[in-house]
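Q: Required output: the full structure, derived from the provided sequences and hints.
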Amino acid sequence: MKPIRGGLKLDGKKDTTAVSWTITRPSPPRRVRIPLSFASDITVLPTVRVGESVRVGEKIAETKSRNSVTLHASISGKISEIAKFPHPLLGESESVEILSDNKDESLPEIGHERSGWELLSSSEIQRILGESGIPWNQPSSPIDTLIVNGCESEPYLTSDHSLLMSHPVEILKGCEIFFRLLGARNLLIVLEDNKEEVAELLKSKIFFNTWSHARVEVLPSRYPQGHETVLVGSLLKKPIQPGHSVWEVGVVVQNVTNVYAAYEAVVIQKPFYERVLTIAGECVAQPRNVWVRIGTLVEDVVKYARGFLRPPEKVVLGGPMTGVALGTLDIPVLGESRAILGLPKEVVRLDSIEPCIRCGRCVESCPVSISPVMITLAAEKDLFEVAQDYGAPFCIECGNCSYICPSKRPMVELIQYANAHS
Amino acid sequence: MLTLKQTPTPHIRSEDSVPKMMWTEVFALLPFVLASFLFFGFNAFRILVVSTGTALLAEMGMRKLLGKKSTLYDGSTVVTAFLLALILPPSLPSWMVALGSLFAIVFGKEIFGGLGQNPFNPTLVGYAFLSIGFNSLMKHPLESTEGVQTWVFGVTLFLGAIILIFKRLIHGDVSLIYLGTIYLFSLALGQEPNELTFGSTVLLAAFFMVTDPVTTPVTRLGERWFAFGAGLLTLLLREPTGILVMNALTPWLDDRLRPQRSR
Ligand code: SF4
Ligand code: SF4
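These protein sequences, in sequence, are chains A and B.
Note that my numbering gives residue 99 to position 99 of the first sequence, counting from 1, and the numbers run on in steps of one.
Note that my numbering gives residue 599 to position 177 of the second sequence, counting from 1, and the numbers run on in steps of one.
Quick caveat, the hints were computed from the structure, so don't treat them as lab data.
A quick note: this is a predicted structure, and the numbers were derived from the prediction, not measured.
Treat the hints with care, since some could be wrong.
[As the list claims (entries may be wrong)] Straight-line Cα separation of at most 27 Å, BS3-like style, residue types lysine-lysine; simulated pairs: (1) K589/B - K9/A; (2) K408/A - K486/B; (3) K427/B - K9/A; (4) K237/A - K9/A; (5) K589/B - K345/A.
A: If you want it as structure tokens, here you go:
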């Protein structure tokens, strides 16, 4: 398989958390805060009141829009507050705070196999996913190929890898659920070549299941392989134009966490209230993969890894290339948070910014074949049309150009600036 | 209490930096510098010291004058000064070396705003100035030298090239296109190709000037066409000052040969 165009071979730094595939399950936190906003314009309404008791898995908020979103209690206890709290991406958001009763009591049906789940129709599956709080948008056009994205091409991250190694059968069931939901014809599980053992495992399971529609594809590790448009572009040779969805070329890309969550929701009736998260980075005492209840505060997750060895320069929620740098640890983990990283000065490298030396490295590293150097030089002079000419709208904000620039120019920021003005 | 930095993505950066790149270039030049000491003795040393000293002073003075922060640490001035010293004839009087070096820094680089903004290769600007102004004193730098010396120069320069390629500072194919163009077109014109192609000045140009980041196109395709054109011009003039013409064409090449999705 041909690697993606451009891209970077980054130091994976995965060995600290990839030494064992056990995912630790620490005791649930004393307190969680579950944000009710998903984006600046999507907020769900609480269905519980302050003072009410909830069990794990109980619904605490919902919307009734087309793509219904629900939220579930991730610990058992009392609703202590419904108010504005810090949010990692939105600054702040209305959130539901639950204080634990230390019983960790969950809804009775959770963990019991749903009878007849193999026979559920597409719309029934869709309803279950919605009720279970699994992010899902039903495509508006017919889907030919379901791609399950196990690339995990950002450094440090191994949560998908550990989930794939420890629960391959469940993940294949999850794939089957999405496959049926979409009425797709091909199932493509994509991995990077640092997960050969996962590939072998899945291939043998697929062979025993005699699934002729399924295929495992191993790609060379290269960032940002796992990015949806890059992946679809290089796998299926179908370029995605800016502002367009991969649906239009008959493709849906799902990540491993979602696929596993779908298995849990449909088969063992467990809503999406916890996820696997990598806690790593040079500053973290005992890097590992843990099951984290959604809404757990970052400071509590850090304790799962025995804290910091030395003060980090940055704490990142998500991957090192695309995550968000936190200003405080008093902030909740979201459903989409793949990692918490404690990064030291020598990795963050906030060196002084030098002028562009036109070395062209950014151009070579760009996976969408645009010219980061020309765009940023134009952006600095407010020449937004020139920036657009050189392809600014195609930028997927992968961060490669900023990473590689020897002058440490704030490339992504400048490109965002240019795009905001056109 | 933790104080955390909240800057935009990405949160990790490569270890390369401009000073690192430039000092690596200086390092890659050292084998050849030593070889020049060996064959030209004190004169080579004298020229290197005068060229470097003048360049550093010129850069410092210009920056002070314009009220900008000092950039001496970035190593680019030393690269320019070394390259100039290494293409000048060893018998050149010191005042001329100093003049060339001053011109290279002031009119080759700083007048445009410093490293990165200069359209022309500063070394060649200084060299061209001396060639035009004092033609009689500038012995042709490519004059044929026999045997051992040519070999030693060639080997030390290829050693430098290997360092640069290994450190990913230059693209080997670009140097190869430049040298290949000179070699093949010499053959085609019925000339003896080796003397020009493997002379130390052309090799220096191939590894340190045609591959200069600042004054060449930003895309690989552009760099290749640049090298091809520079090769032809070098053959025509029998010295690498023709690269200056390609420097002038670089904005045009950048405009024509864009990455796939830049239109
Ligand atoms: S990587 Fe940085 S210095 Fe090099 S061309 Fe791009 S913006 Fe300029
Ligand atoms: S951030 Fe944008 S411009 Fe920079 S490499 Fe990635 S896609 Fe290209």
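Q: Would you mind marking each hint as holding or not holding in the structure?
A: Status of each hint after checking the structure:
1. K589/B - K9/A: 15 Å, holds
2. K408/A - K486/B: With Cα atoms ~25 Å apart, K408/A and K486/B stay inside 27 Å; holds.
3. K427/B - K9/A: 26 Å, holds
4. K237/A - K9/A: Holds: K237/A and K9/A sit about 21 Å apart, inside 27 Å.
5. K589/B - K345/A: Judged against 27 Å, a Cα distance of about 24 Å means the pair holds.
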